[in-house]
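Participant: With the hints as extra help, turn the sequences into a complete structure.
Letter by letter, the chains look like this.
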Amino acid sequence: MALSGRKASVAVGGAVVLLVFAYLIWGGIGNNLVYFLTPSELWARGPAAYGASIRLGGVVEASSIRWDADKHELRFRLVDAAGTTRPVEVVSTGLPPQMFTEGIGAVVEGVWSPDGVFHSHNLMVKHSNEYRAPPPGSKPAEYYRQLFRNQRS
Amino acid sequence: MNAFLGHTATLVALLLAGGGAAAAFIGGRTGDARYVAWARRAGVAVFALVLTAFLVMERALVAHDFSVSYVAQVGSRTTPLFYTIISLWSALEGSILLWALILSAYTALLVRWSTHRYQTEAGPDSQVPYALGTLLCVNVFFLLLISWPANPFHLLNPAPLDGPGPNALLQNSPFMGVHPPLLYTGYVGMSVPFSLAIGALLAGRIGPDWTKLIRRWTMVPWTFLSLGILAGAWWSYEVLGWGGYWAWDPVENASFMPWLTATAFLHSVMVQERRGMLKMWTITLIVSTFLLTVLGTFLTRSGVLASVHAFTQSPIGPFFLVFLALVLLSSLALLAWRSETLESEGRFDAALSRETAFMVNNLLFAAFAFVVLLGTMFPLIAEAVRGAKVSVGGPYFNELSVPIALLLVFLAGVGPALPWRKGSLELVRGKFRWPTIAALGAGIVLAVAGVRAPLAWLTFVLAVFSAGLLVVEFVTPTRARHETTGEGWVLALWRVVSSNRRRYGGYVVHSGILVIAVGVAASATFRQEEEWTLRRGAAAQIGRYRIQFDSVWAVKESQRDGVIAATTIEASGQPFGRLFPRLNYYPTAMEPIGTPAVREGLREDLYLVLMAYTQDGQQATLKAIASPMVGWIWLGGGIVALGALFALWRSRGEAARRASRPDAERRGGARVPSEALR
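If you read the sequences in order, they're chains A and B. Following the working numbering, the numbering of the first sequence begins with 852 at its first residue and continues without gaps. Following the working numbering, the numbering of the second sequence begins with -11 at its first residue and continues without gaps.
Keep in mind that the hints are not guaranteed to be accurate.
Covered stretches of chain A (chain B as the covering partner; in silico rule of three or more C-beta atoms under 8 Å from a C-beta of chain B) [as the list claims (entries may be wrong)]: (1) 872 to 880; (2) 938 to 948.
One-sided and incomplete, this derived list gives chain B residues near chain A with beta-carbon spacing under 7 Å [to be verified]: (3) GLY375; (4) VAL378; (5) GLU579.
In short, the hints are calculated from the structure, not lab data. For every residue, glycine included, the Cβ atom is placed at its ideal position computed from N, Cα and C.
Facilitator: Written as structure tokens, this is what we have:
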């Protein structure tokens, strides 16, 4: 049975809507993917990774942290957990979490630019999902205990 | 003792649920009332037993009985009583126990409700036992989880002396006492309409009475789910310290997807009720809603996706996958088997009709759900197919959901304004005149006032347009009544809305959604954010606010220590009060958890976060966020709840009519429209 004119137009209209929708979704996902990489994987991708949204996870290299209090700008270098790769230079704005220190696992979200600097808009300190007590003398605890001591004096 | 009691109660409940389900199906098949009676008793007993298990767990938590594994996992002697009580749902096993409790409570409600519905004049109604059997099967699954892979009642010997306390994030705000129970009551409640749908399919009878019934049983969980989602957004806003309320986190998506399909269902079911159309689609929607709740629980409770809410890796993943596959395949088979009873009786008469508006609405909701589902699942697909670790960024969700949401805002007013079957252009012109003028006026005023963001501008204009159309729906019949009966305006309005609570309650819900849309658009577009490091006595400016940092000090509390910063605020040069953002140090948390200080207002929220401070207390780093109209989102949520309640509340007249003509109601016989009775 041949489709009546009305049914055919509905079918064609529906197909067009579906195709447009599929195209929008495809583009939407493709443009907004965030890749999870380590510094060595980033170097392996090379220039292909410039401009893409990347979540880079590694370890903060020893004595690489520079804090510019005027600009509220933080610079440091990330290396692989093994510490053997070429470090990636990271710049981020805003104060880092208080846990942030040398040798700690950190995750930065942002974009790698051709000048070799990773511009982060979100800096997270990595700790396992399990909640457990911070080791004695660790930074946050020390911080507020000092505040207590100052209050008393 | 507690461990033994709790575990025994869940095991017996599991056996009874299984036996009850079997009895219900046999009773449905054979029409033997004795089996059905057994199934009903089993349903009530399951509820009593799960409630016992729940209370045993609460007692163990409050009494710090660390020989119970779950108490040792989330309890602590230093946690305040309130947080100890709500810590029942702060980890995997306990949250499944809460789930099972709510599910069994719904089961008992279904038993209670169906007391006089099984034996009808036309003989036993097999839909009732089939629905009860299906719901008991869902019970079996969750009871299986808490008796075996997610058993919270393991006996620890020797018992530890103390525990770590609940996850620090979850004991940082009293809202954790409200958000999960609300959300679960909505989420779990979707298994009732699912069971009723499966029951009707098994019985092979999908009549108009079914439609009405399943709609009511969906409205209740829908209302709770809406409130639960908003309460979660509020929690995120008040606790997480980023000044936002929605991040397209997998768990937020998991709660949102069934909301979308349930909302689509609530609309398509009206088309089915009125015109006998879209039956297959409607039943597919309610089955999908239930499937999405199971999928959402799987995604967020099995640890396959990283999220704020994901608990640690757990062995329940495979159980959920098997359950999901079972439900999916059996529902599909059932739908295929019964497809002939689901054929459409009516057909579309005209493009300009309410049916069309509902159709478009349903397509939009389905597309919305698909967009969210794909974005949530894509990381899993990508990892399985290409081995790449990726996540889908928030912009994907925003880019695709904003246009859909805008069209829905438009339809929220247009749909109610269009008549069933066929609308005439004249009628449309008459109804649309004032709302169009109002929307154009608002558009001009907003443009002149400096609203330059096109999407926000469009949202406001469309919301004014739709709100105008809704107002017309209230005003026109009120005026007619006022003129014919001479009643006062308020009385006439009340009589009009009470004559059709379902419809006008629905319109109130729509206006609540419009208020939320305006709040979301304004707060997302016109948000300002600043971060400063200030010395004592120094001040900084954000928008019209001047924020002065006064001092910072530390406090000791039983379960945590806190650092509090004091600030003095001026707005446009006038004193605006003081705000005290704080950081909390929990013994179990690696990082301090902030409590932002929020000054809420319908016009604008001022949101202050203490980011850091120096050890001498002389300096503090503060983040300030000024976002307009966030309060509208919570206000809109309240309006939605009021409207839903109004729609659900059975008017006295209706209750009396039901009582006098129960059979007609039960069989879905013709009812005289209430207007015609006057």
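Participant: All hints, please: hold or fail.
Facilitator: Hints, one by one, checked against the model:
no. : hint       : verdict
1   : 872 to 880 : holds (count 5)
2   : 938 to 948 : holds (count 3)
3   : GLY375     : 12 Å, violated
4   : VAL378     : 5 Å, holds
5   : GLU579     : 5 Å, holds
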